[in-house]
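In the order they appear, the protein sequences are chains F and S.
Start counting the first sequence at 100; every next residue gets the next number (the working numbering).
Start counting the second sequence at 100; every next residue gets the next number (the working numbering).
In short, the hints are calculated from the structure, not lab data.
A couple of the hints might just be wrong.
[What the hints assert, rightly or not] What the simulated footprint calls covered on chain F by chain S, stretch by stretch (three residues with Cβ under 8 Å from a Cβ of chain S suffice, anywhere in the stretch; the number is not a length):
id	stretch
1	175-181
2	191-198
3	207-219
[Unchecked claim] Over the 12 Å line for every Cβ pair with chain F, so calculated as not near, a few chain S residues:
id	residue
4	M142
5	P157
6	N177
7	G213
Ideal placement from N, C-alpha and C gives every residue a C-beta, glycine not left out.
2 protein chains.
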Amino acid sequence: MARGRIPPPAESFEEDEQEAILAANRAFYVAFSSRDFEALAEMWATSVPVACVHPGQPALLDRESVLRSWQAILRNPNAPKAGVSDEFVIMRQGLAIVICRETLPGGQLLATNGFVREGEVWKIVHHHAAPAPPATTPPPPQQRDRRKLH
Amino acid sequence: MARGRIPPPAESFEEDEQEAILAANRAFYVAFSSRDFEALAEMWATSVPVACVHPGQPALLDRESVLRSWQAILRNPNAPKAGVSDEFVIMRQGLAIVICRETLPGGQLLATNGFVREGEVWKIVHHHAAPAPPATTPPPPQQRDRRKLH
Numbered sequence: 100m101a102r103g104r105i106p107p108p109a110e111s112f113e114e115d116e117q118e119a120i121l122a123a124n125r126a127f128y129v130a131f132s133s134r135d136f137e138a139l140a141e142m143w144a145t146s147v148p149v150a151c152v153h154p155g156q157p158a159l160l161d162r163e164s165v166l167r168s169w170q171a172i173l174r175n176p177n178a179p180k181a182g183v184s185d186e187f188v189i190m191r192q193g194l195a196i197v198i199c200r201e202t203l204p205g206g207q208l209l210a211t212n213g214f215v216r217e218g219e220v221w222k223i224v225h226h227h228a229a230p231a232p233p234a235t236t237p238p239p240p241q242q243r244d245r246r247k248l249h
Numbered sequence: 100m101a102r103g104r105i106p107p108p109a110e111s112f113e114e115d116e117q118e119a120i121l122a123a124n125r126a127f128y129v130a131f132s133s134r135d136f137e138a139l140a141e142m143w144a145t146s147v148p149v150a151c152v153h154p155g156q157p158a159l160l161d162r163e164s165v166l167r168s169w170q171a172i173l174r175n176p177n178a179p180k181a182g183v184s185d186e187f188v189i190m191r192q193g194l195a196i197v198i199c200r201e202t203l204p205g206g207q208l209l210a211t212n213g214f215v216r217e218g219e220v221w222k223i224v225h226h227h228a229a230p231a232p233p234a235t236t237p238p239p240p241q242q243r244d245r246r247k248l249h
């Protein structure tokens, strides 16, 4: 049978979607770490309201405040680089939540990031970062690898 | 024209959905404040993985750990009551993110809660609460009222 003509099964579609979401999440931290405000600004959704909660700060609930806050952070030449790990994805059609660990020079944060799909691209719609204890033992592999979502 | 036979416009459907999401979010805090673990356990989604980040704690990334943590919190006769306010909803078909303020006797938290629709019911799928400064001035009404989402 010519497998190339058979549409991919739903499971494979979900894995592709999950990879795309993880790529969008990682790209966000690459833009952060390289202080690339233009790139980071492009990543925010335009089809829904966006929100952002920086550690210990009030919620920013409109696009302008969110982008202004990131511009201020990234303009600072001493802005830290942030590594991302331990991503955990919860997704439904067109919207996803990623829980992940941010590793900065000064400590660790846990972040909840929301994404929406706009056309073919996953855009960030919400970022909530907060202090977290450092990781102690790594979780077992089945908690870190791809998970069946339905 | 007999308006009764005309299907409700998409906007009205979205408002109904948003009300249902807000009701689910408030019910979560009612169960919390009344220390009703059975009710709270029922509110967690079963169709997708669930996750929970309590303030300053590691992420809990499986159903059993999440429910065990809530059972421990609600078993404590001194568990605080939590009021909820300033809800902000971001939604797409079947999945929603609610950003809200939790008011406890000891201070204020900001929470990001995720919900999925399972049949006719919105179920919680993620809870991330973290310290926040107290609200200073209320946001302008257009930031607190229903927002167009698309």
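Do the hints match the structure? See the list:
1. By the rule of at least three residues with a Cβ nearer than 8 Å to a Cβ of chain S, the coverage given for the stretch 175-181 of chain F is violated, with 0 such residues.
2. Under a criterion of three residues with beta carbons nearer than 8 Å to beta carbons of chain S, the stated coverage of the stretch 191-198 of chain F is upheld, 7 such residues being counted.
3. Counting residues of the stretch 207-219 of chain F whose beta carbon lies closer than 8 Å to any beta carbon of chain S gives 4, which meets the minimum of three for the stated coverage.
4. Once the 12 Å rule is applied to beta carbons, M142(S) is consistent with being away from chain F; the minimum gap is 15 Å.
5. With a cut of 12 Å on Cβ distances, P157(S) falls inside the contact zone with chain F, its closest approach being about 6 Å.
6. At the 12 Å boundary, the C-beta of N177(S) stays outside the reach of chain F, the nearest C-beta of that chain being 23 Å off.
7. At roughly 5 Å, the least C-beta separation between G213(S) and chain F is not larger than 12 Å, which violates its mark as non-interface.
Comparing the model with each earlier hint shows violations of hints 1, 5 and 7; every other hint is respected.
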